[in-house]
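Colleague: Modelling step: build the complete structure from the supplied sequences, incorporating the hints.
Residue numbers (our numbering), protein chains in the order written: chain A, 669 to 834; chain B, 669 to 834.
It should be emphasised that the hints constitute simulated quantities derived from the structure, not laboratory data.
Worth double-checking, as some hints may not be accurate.
Given that identical chains are not distinguished, each listed pair holds provided it fits within a single copy or across any two copies.
What the hints assert, rightly or not - EDC-like cross-link-like pairs, simulated, lysine to aspartate or glutamate; straight-line CA separation at most 16 angstroms:
1) Lys677 to Glu811
2) Lys813 to Glu689
3) Lys813 to Glu799
4) Lys760 to Asp741
5) Lys716 to Glu774
6) Lys820 to Asp681
7) Lys760 to Glu787
8) Lys820 to Asp786
9) Lys677 to Glu689
10) Lys760 to Asp786
11) Lys820 to Asp728
12) Lys760 to Glu723
13) Lys744 to Glu799
14) Lys699 to Glu774
Remember, predicted model here, so these are calculated numbers, not experimental data.
Protein chains: 2
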Amino acid sequence: MSLDGFIAKPDGDISFLNQVELEGEDYGYSKFINTVDTVILGRKTYDKILSMGVEFPYGDRQVFVITRNPRPDSGKTIFISGNLADLVRSLKNQPGKHIYCDGGGETINLLLQEYLIDEMTVSVIPVLLGEGIRLFGQNGFPEQKLQLISSKSFEKGLVQLHYIRT
Amino acid sequence: MSLDGFIAKPDGDISFLNQVELEGEDYGYSKFINTVDTVILGRKTYDKILSMGVEFPYGDRQVFVITRNPRPDSGKTIFISGNLADLVRSLKNQPGKHIYCDGGGETINLLLQEYLIDEMTVSVIPVLLGEGIRLFGQNGFPEQKLQLISSKSFEKGLVQLHYIRT
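Modeller: Below you can see the structure in the form of structure tokens.
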């Protein structure tokens, strides 16, 4: 997110991320994604990724896209419009690796409302956007104490904060 | 601020700060405040400080309180209702030490709208408040690139981020 908490400009523009691009630096993503077997993301984040014309960042992992208008399955990507909290509780009860919720805004908010996020990594980009789509949405959720696991700064000024919920 | 960007709960409650209190640890405040000769803060922050019954944290520095309803001067504390940006531009043109804007919300927003914040220190407390008064207000300001000067984490999980505007 930007220092002021946004993951995109109001129109979805994420070009502010370019300022931390660095050849050979993935900010721990490939190591992290190897601990994950299931990905949850909102429909807007999913469409944003497709529109970028990059390699699908989740490989052949099970992906759930939260949407009001389900589409046909696409490989291991499933579109769901049901209760997100129930889905996550059910997934947590199954053996497996981590469940990763990408993006922000509404999806993260829904999970925080139900205390379903146990661990989070937030990368703070050195910019103030002034307006846009917030990582932590506008709808509110109950207060939750965190424990800082690590804080790491990188050459381009990105600071990565890693917390667990206590 | 909390990780989700709040400096207080909706009713002004800042008790979440207690979780990072540590005997003998002032998170650099006394060193920092010695580089400052002028303090600017909003009326709500000022009243909050008075209500806490603590020692006035600005010593005998020149303090400007931004308010719609000016009060009589109180020692070196002056209440002003005029144009904040003009005041800051005028102060910057005078010799002196740093001008420190404390608090958040409206006052910070007004200064960011006019590109009048050159340097900022943000302390991220390990908690999600879910709702409240934002450090970076709701009214928007133009995008501003920052440069990370330092990032420091403390025993209680507070991470202090120090930036300059580029």
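Colleague: None of the hints should be skipped; say for each whether it holds.
Modeller: Evaluated hints:
1. When the C-alpha separation of Lys677 and Glu811 is checked against a cutoff of 16 angstroms, the pair qualifies only between copies, where the shortest distance is 10 angstroms, while the shortest distance within a copy is 26 angstroms.
2. Proximity of Lys813 and Glu689 under a CA criterion of 16 angstroms is satisfied inter-copy only: 15 angstroms between copies versus 32 angstroms inside one chain copy.
3. Taking CA atoms no more than 16 angstroms apart as the test, Lys813 paired with Glu799 passes between copies only; the shortest distance there is 14 angstroms, against 26 angstroms inside one copy.
4. In the homo-oligomer, the alpha carbons of Lys760 and Asp741 never lie at most 16 angstroms apart, since the shortest distance is 22 angstroms inside one protomer and 60 angstroms across protomers.
5. Proximity of Lys716 and Glu774 under a CA criterion of 16 angstroms is satisfied intra-copy only: 15 angstroms inside one chain copy versus 32 angstroms between copies.
6. Taking the closest pair of Cα atoms, Lys820 and Asp681 never come within 16 angstroms of each other, the shortest separation being 26 angstroms inside a single copy and 30 angstroms across copies.
7. In this assembly of identical chains, the alpha carbons of Lys760 and Glu787 lie at most 16 angstroms apart only when taken from the same copy (13 angstroms versus 43 angstroms across copies).
8. For the homomeric pair Lys820 and Asp786, neither the shortest alpha-carbon distance inside one copy (20 angstroms) nor that between copies (24 angstroms) is at most 16 angstroms.
9. Neither within a single protomer nor between protomers do Lys677 and Glu689 lie at most 16 angstroms apart by alpha-carbon distance, with minima of 18 angstroms and 35 angstroms respectively.
10. Taking the closest pair of Cα atoms, Lys760 and Asp786 come within 16 angstroms of each other only inside a single copy of the chain (11 angstroms); across copies the shortest separation is 46 angstroms, beyond that limit.
11. Taking the closest pair of Cα atoms, Lys820 and Asp728 never come within 16 angstroms of each other, the shortest separation being 29 angstroms inside a single copy and 37 angstroms across copies.
12. For a Cα distance limit of 16 angstroms, the shortest separation of Lys760 from Glu723 qualifies neither inside one copy, at 28 angstroms, nor across copies, at 49 angstroms.
13. Within a single copy, Lys744 and Glu799 get their C-alpha atoms no closer than 34 angstroms, and across copies no closer than 36 angstroms, so neither meets the 16 angstroms cut-off.
14. Taking CA atoms no more than 16 angstroms apart as the test, Lys699 paired with Glu774 passes in neither setting, with 26 angstroms inside one copy and 41 angstroms between copies.
Checked against the numbered hints given earlier, the structure breaks hints 4, 6, 8, 9, 11, 12, 13 and 14 and satisfies all the rest.
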